[in-house]
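> Sequence:
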Amino acid sequence: MSVEITLSSMYISDGLIQRCNTTHPAFKNLVSSEILEGSSDDKNDLVKFKFTQVQANYPEFMLAYEGISKIVDVDLSTINISVTRPTILELFDWIISNFTNSSTSAQATEVAPPTTETAFQAVSPPHDMSSDKMRIKIKMRTIVFLLNDDGARIATLSLNSADFSILFNSSTLWVKLDWGT
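Going from the sequence shown to the working numbering is simple: count from 1 and add 640.
No lab work stands behind these hints, which were simulated from the structure alone. Mixed in with the good hints, there may be bad ones.
[Stated by the list, open to error] With a cut-off of at most 30 Å between alpha-carbon atoms, the simulated BS3-like pairs for lysine-lysine come out as follows:
1) K816 <-> K688
2) K668 <-> K773
3) K773 <-> K688
4) K777 <-> K710
5) K688 <-> K779
6) K816 <-> K690
7) K710 <-> K816
8) K668 <-> K710
9) K690 <-> K773
10) K690 <-> K779
11) K710 <-> K773
12) K816 <-> K668
As the structure is a computational prediction, the values presented were derived from the model and not from experiment.
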């Protein structure tokens with residue numbers, strides 16, 4: 641069984657910056673997936689997600705799938721995040737006003753006294769030692785943070801490559817992370 645999902649592109653428009661006509665095109669969106677600099681001939685989909693599940697009795701289970709029964713592959717292309725002072729302050733204000741308690745009166749909370757006895761219950765591992773393995777691979781190609789001060793780019797933070805892999809075995813967890821250009 642195999643499932644594939646693809647998202648070609650995405651952008652979140654910045655409503656505050658849209659009001660200003662002199663803004664550089666790179667700052668018109670909070671988040672976008674378009675290539676801002678260099679060659680745009682190498683067009684990739686933003687997200688490619690693939691899930692594959694293979695039964696152990698499949699003839700090429702060990703050879704083609706390396707004995708792994710569940711495989712998740714995620715490939716992320718280009719993500720640009722534009723950090724603009726008025727927009728960030730407006731978002732912060734909206735989050736604070738909508739998701740925090742606005743009452744200024746402090747309410748007393750009762751705290752239970754600490755106990756010195758702690759009960760632990762032994763949990764035995766499941767006896768089904770099946771050979772189910774699951775591998776998750778995430779590849780990220782480019783993420784760019786653009787720091788904007790009133791239409792002028794003041795800094796750019798760019799990460800051009802990151803690969804993250806996890807392999808779950810019946811009693812083992814293997815994690816690998818590669819960062820770099």
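> Next step is simple, just say for each hint if it's right about the structure.
Now for the hints, and whether the structure bears them out:
For the hint pairing K816 with K688, the CA-to-CA distance comes to about 20 Å; that is within 30 Å, so the pair holds. This hinted pair does not check out: K668 and K773 have alpha carbons roughly 44 Å apart, beyond 30 Å. Restraint check: the Cα-Cα separation between K773 and K688 comes to about 22 Å, which is no more than 30 Å; the hinted pair holds. Under the criterion of a C-alpha separation no larger than 30 Å, the hint pairing K777 with K710 is consistent with the structure, at around 11 Å.
Straight-line distance between C-alpha atoms of K688 and K779 comes to about 10 Å, which keeps the hinted pair within the 30 Å bound. Pair hint K816 plus K690 holds up; C-alpha atoms about 19 Å apart against a cutoff of 30 Å. For the hint pairing K710 with K816, the CA-to-CA distance comes to about 18 Å; that is within 30 Å, so the pair holds. With a C-alpha separation of about 41 Å, the suggested pair K668 and K710 falls outside the 30 Å cut-off, and the hint is violated.
Distance hint between K690 and K773 is fulfilled; the C-alpha atoms sit about 16 Å from each other, no more than 30 Å. Between K690 and K779 the CA atoms are separated by roughly 12 Å; this keeps the pair inside 30 Å, and the hint holds. Between the alpha carbons of K710 and K773 the distance comes to roughly 6 Å, so the proposed pair stays at or under 30 Å and holds. Distance check on the hinted pair: K816 and K668 sit about 36 Å apart at the alpha-carbon level, beyond 30 Å; violated.
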